[in-house]
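Put together the whole structure using the sequences plus the hints.
Letter by letter, the sequence shown follows residues 1 to 1020 of the UniProt record's numbering.
Derived from the structure by calculation, the hints contain no laboratory data. Since this is a predicted model, take the numbers as computed values, not measurements. Check each hint, because a few of them may be wrong.
Here are the simulated SDA-like pairs of lysine to any residue, each with C-alpha atoms no more than 25 Å apart in a straight line [to be verified]:
{"no.": "1", "residue 1": "K648", "residue 2": "V659"}
{"no.": "2", "residue 1": "K481", "residue 2": "Y830"}
{"no.": "3", "residue 1": "K915", "residue 2": "G502"}
{"no.": "4", "residue 1": "K658", "residue 2": "I635"}
{"no.": "5", "residue 1": "K658", "residue 2": "R608"}
{"no.": "6", "residue 1": "K915", "residue 2": "R591"}
{"no.": "7", "residue 1": "K336", "residue 2": "K658"}
{"no.": "8", "residue 1": "K343", "residue 2": "G169"}
{"no.": "9", "residue 1": "K336", "residue 2": "V659"}
{"no.": "10", "residue 1": "K989", "residue 2": "R591"}
{"no.": "11", "residue 1": "K343", "residue 2": "R591"}
{"no.": "12", "residue 1": "K481", "residue 2": "A371"}
{"no.": "13", "residue 1": "K645", "residue 2": "F485"}
{"no.": "14", "residue 1": "K481", "residue 2": "E647"}
{"no.": "15", "residue 1": "K648", "residue 2": "A834"}
{"no.": "16", "residue 1": "K343", "residue 2": "P641"}
{"no.": "17", "residue 1": "K343", "residue 2": "A371"}
{"no.": "18", "residue 1": "K658", "residue 2": "P515"}
{"no.": "19", "residue 1": "K336", "residue 2": "A173"}
{"no.": "20", "residue 1": "K658", "residue 2": "H354"}
{"no.": "21", "residue 1": "K865", "residue 2": "G514"}
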Amino acid sequence: MRRRRMGWAVAVALLAAVAVGVSAAGLARQRRAWRAELEAARLAIAEGRHSTARQKLAGLADRWSNEGEVYLLLGECELARGRRDEALSAWSRVPRESPHHARAALLRATQLINTGRYGPAEQVLLEAAGTPGEARTDGLDRALDRLYRFEGRFEDVRALLRRGWWRSGDPAAALRELWLLDTSPMPVESWGLALDRADASDDRVWLGRARNATMTGRYEEAGRWLGRCRQARPDDPAVLQAELDLAVAADDPARFWAAAERIQADRPGPADVVLMRAWLARTRRDRDAERRELEALARDFPGNIPALERLATLSLEAGQHAEAERLHRRKAEADKARDRFRKLLLDESRLLDHAGELATLSASLHRDFDAAAWSLLSRATASASDPAPVRFGAGATVPADVVAAAREISARFGPPAVVPGPGPASLAARLADVRPDSGQGVAGGAGPGLDGRASLPESPPPSFRDDAEAAGLRFVFDNGKTPQFLLPETMSGGVGLVDFDGDGWLDVYFVQGGPLASGPGAKGSPVEPTDQLFRNKGDGTFEDVTDATGLRGLLRGRGYGLGVAIGDYDNDGRPDLFLTRLATYVLLRNRDGHAFEDVTDRAGLAGRRDNPTSAAFADLDNDGDLDLYVCHYMIWDPADPRLCKNEKGEYFYCDPSKVEPAADHAFRNDDGRFADVTAEAGLAEAGGRGLGVVAADVNGDGRADLFVANDGTANYLFLNRGGFRFEESALVAGVAGNAAGGYQAGMGVACGDLDGDGRPDLMVTNFYGEGTSLYRNLGQELFADESATTGLGVATRYLLGFGIGLLDSGNRGRLDVLITNGHVNDNRPYYPYAMPARLYENRPTPGSFRLVDVSDRAGPPFQVKRVGRGLAPGDLDNDGRVDAILLPQNEPVAYLRNTTPSAGHFVTFRLEGTKSNRDGVGAIVTVTAGPSRRAAQRMGGGSYQSAGDPRLHFGLGDRPRVGAVEVRWPSGRSDRYEDLPADAGYLLKEGGTKAGRLPGYRDVRRAGGEGAGTKATGRR
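Here it is in structure tokens:
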């Protein structure tokens, strides 16, 4: 029996073995068949036969996935057939342990991002982030980089770049991208459009909207979006960081403390924490505490530019002039280092050659990660036989110890683990020593409110309408655009306000461009375009007197027009015209108020002049006649112009760094003949690329100084030391760049007393992403960048400003700011091209003021998008409300007529020098009306290639009379006038004892809120 049972057992075992063999053989055959099917599917995909491939893969999917590859390829086929949801489903089935998981996750996340489902995409990418393999992680990091940009999480983008820079195929380019993240403009418009198309129910889309709103100054909207984000993810670090950033941007301490309670204490870096402490002190208006914090920061981080800028302001306010100047000099050195850093990084082809210097500059600017990384790149480059392909990741060309050092740098500068929540580990606990009682915290830092406007005193908005067509101001500036995008085209266009016939009404002079090259309509052609002069008829309309005054014949063949400056250079009582043309100047003398003559040769201004832009007349040596300063942009050779192309071979307008700058020129007026005294005057600065200039006495010494806006380099402030000698002081004075450091792309300039302290402040319009700069005059030849504190910086950041004017739009006794905007390159949809003009109303706050954008309530002209260039403010209808002319490119001009019904009283003065220059340029007029005392200067230049109203206009609010008027003339003489009725225009003649009435004005009696100044006919 035992033998029989054993026999059966052996038989069963043998049968089982045979069965297994048969099964294994069958399975192997099956696998070969599956692999053949998979290979056929791969081939079909390669040949673009996605339906065939999809059919084969679908048949395989339920039986065999080859570690998920079948699902990966199936998803690709579904996507190629337009079935995105089916593709996402297929990719989601690839197992996490599969070697294909990272690729599937990347494809899946990319489609989720493309369809605006940011939250699910983020979850997919973060789940896959632990997948082994450097190349896989790098691809996932790139997707996360893109996603975080949509969500506005730029600090997280920085962390990704720091983590993965060394794995990049071009680590130097990765470090350059890190710098660009801090310096290049964010395309907020195209970003906003992407958010509009995204999933409206996705809380990460809400986060992106909140970030976008914060960056563009829409603080209330940002707060609403973040409120929804908090409900979805109460303890999410990205949401908490966005809350913190909004609180600082909006000067909202209450919001700050609420976020700080839940942010981990060590997440912000040491310098960031000190800046927070200083900001908190500032919101409490505790100057001593703010200064202590900033002094500690400047001690530990000597190159921290914002700290140096603010410390200089606090020192000057405390009467410590020497300390303020020392701090400005330190900031100037840091600005130079930052500018050098920028120039080296713009030279993409030689980044590795500059690695050592970039490391040194990074250290001086406290970019510690950059310093370590560039230093390692310098070391790797020096040890490599061929530096071009230096790589640390896949296919590394550097030694293993260098790769290890790169890993260590990324780890050392990586973000700390985030464990949000209240308690001793929170940021609030770290700052507990500066936290006031909750009630004090809110009240002490109420600031401007969430949107920068809420706590400011409201007033009826100013009102404007475009009367250009109705008034007969029909003019279109032709910039002569060529297929090669010649750079002067995009910078051209100016307008001047001039009472050329002396009737008391401002006439309008338009500069014209036209073709730059030969061909139909070019030089010598019967249809050659020309500048145009429109005479103000005083009844609300204008007539074209270009031919009647001889201008068409005078300008025939005189080239492409750029800008205009206006001044009575020969002191005969009639304003003359100085025109900047491409490669030449033109000086037109006003003969008799009815015609002009070309005196360019006779005045010594003939000859080749490259690319002049803006100009200013001013008595720079106080000898009683007007001298001339002319900005120049670049060396221009029409036979061999500098051209620029993008990576697609398409032309675009060159970056300023790609063209050779041309030096500005200064001319002394010697009895009507102009002598070039640039070098002996100390004005021979060769690297500026000047675009805007204003001549004004900024330090109160009775001499006209010069402030010049430069494109991409430091601005100039030439302080007049007497005897036609100047000292360039922009860096020390604090007006060369902005508070954050570095130099901007300056366009137009303005000068005026915005804070009512009697000292003229300076303004510069800058490139898109930089914002308009406002430099508050602190006295003693020092300025402070108040762009951020006044709200102007965030309001103008995503506009590209050109012409700028200061005007009291509602006659309230405070200067508002008007800017015309427009890009230089048409890069839609990434950046806007045409842009609306904006009006910023000056509203007082305790100890300061805010500039609030009221454009949306100021009338239809501010809703029109233009490629704006020239701007000239002035009271064209003599009704006591300041109007403006806007000159865009290739579109009709706009006449912004001020129709503000609630405008206050006003007084206007025209100056006439006797010992001083006839125009009174350089004179300072101080008006006292009740308790108010305001000063204004008769300046030269200003705006952008344009000339505004030569008269001085003062808004008086509800005061119907002027108590006293004092005039300090450039000659040193002072005159005083008392008890003048408001709502009138007056002539103030040097040495006179009585104010004469200006023609074109009559007393204005307010009735129904409507003011009127009319010509003798009494008609408007």
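Okay, the hints, checked on the actual structure:
1. K648 - V659: It holds: about 21 Å lies between the C-alpha atoms, which stays within 25 Å.
2. K481 - Y830: With a Cα-Cα distance of about 21 Å, the restraint between K481 and Y830 holds, given a limit of 25 Å.
3. K915 - G502: Within the cut-off at roughly 21 Å; holds.
4. K658 - I635: Holds - the C-alpha atoms of I635 and K658 are around 11 Å apart, at most 25 Å.
5. K658 - R608: holds, 22 Å
6. K915 - R591: holds, 22 Å
7. K336 - K658: holds, 19 Å
8. K343 - G169: holds, 23 Å
9. K336 - V659: holds, 20 Å
10. K989 - R591: holds, 22 Å
11. K343 - R591: Violated. K343 to R591 sits at ~49 Å, over the 25 Å cutoff.
12. K481 - A371: violated, 44 Å
13. K645 - F485: holds, 9 Å
14. K481 - E647: holds, 21 Å
15. K648 - A834: Status holds; Cα separation ~24 Å.
16. K343 - P641: Status holds; Cα separation ~23 Å.
17. K343 - A371: holds, 16 Å
18. K658 - P515: holds, 23 Å
19. K336 - A173: holds, 23 Å
20. K658 - H354: Measuring from Cα to Cα gives roughly 19 Å; hence the hint holds.
21. K865 - G514: Roughly 22 Å between the alpha carbons, so the hint for K865 and G514 holds.
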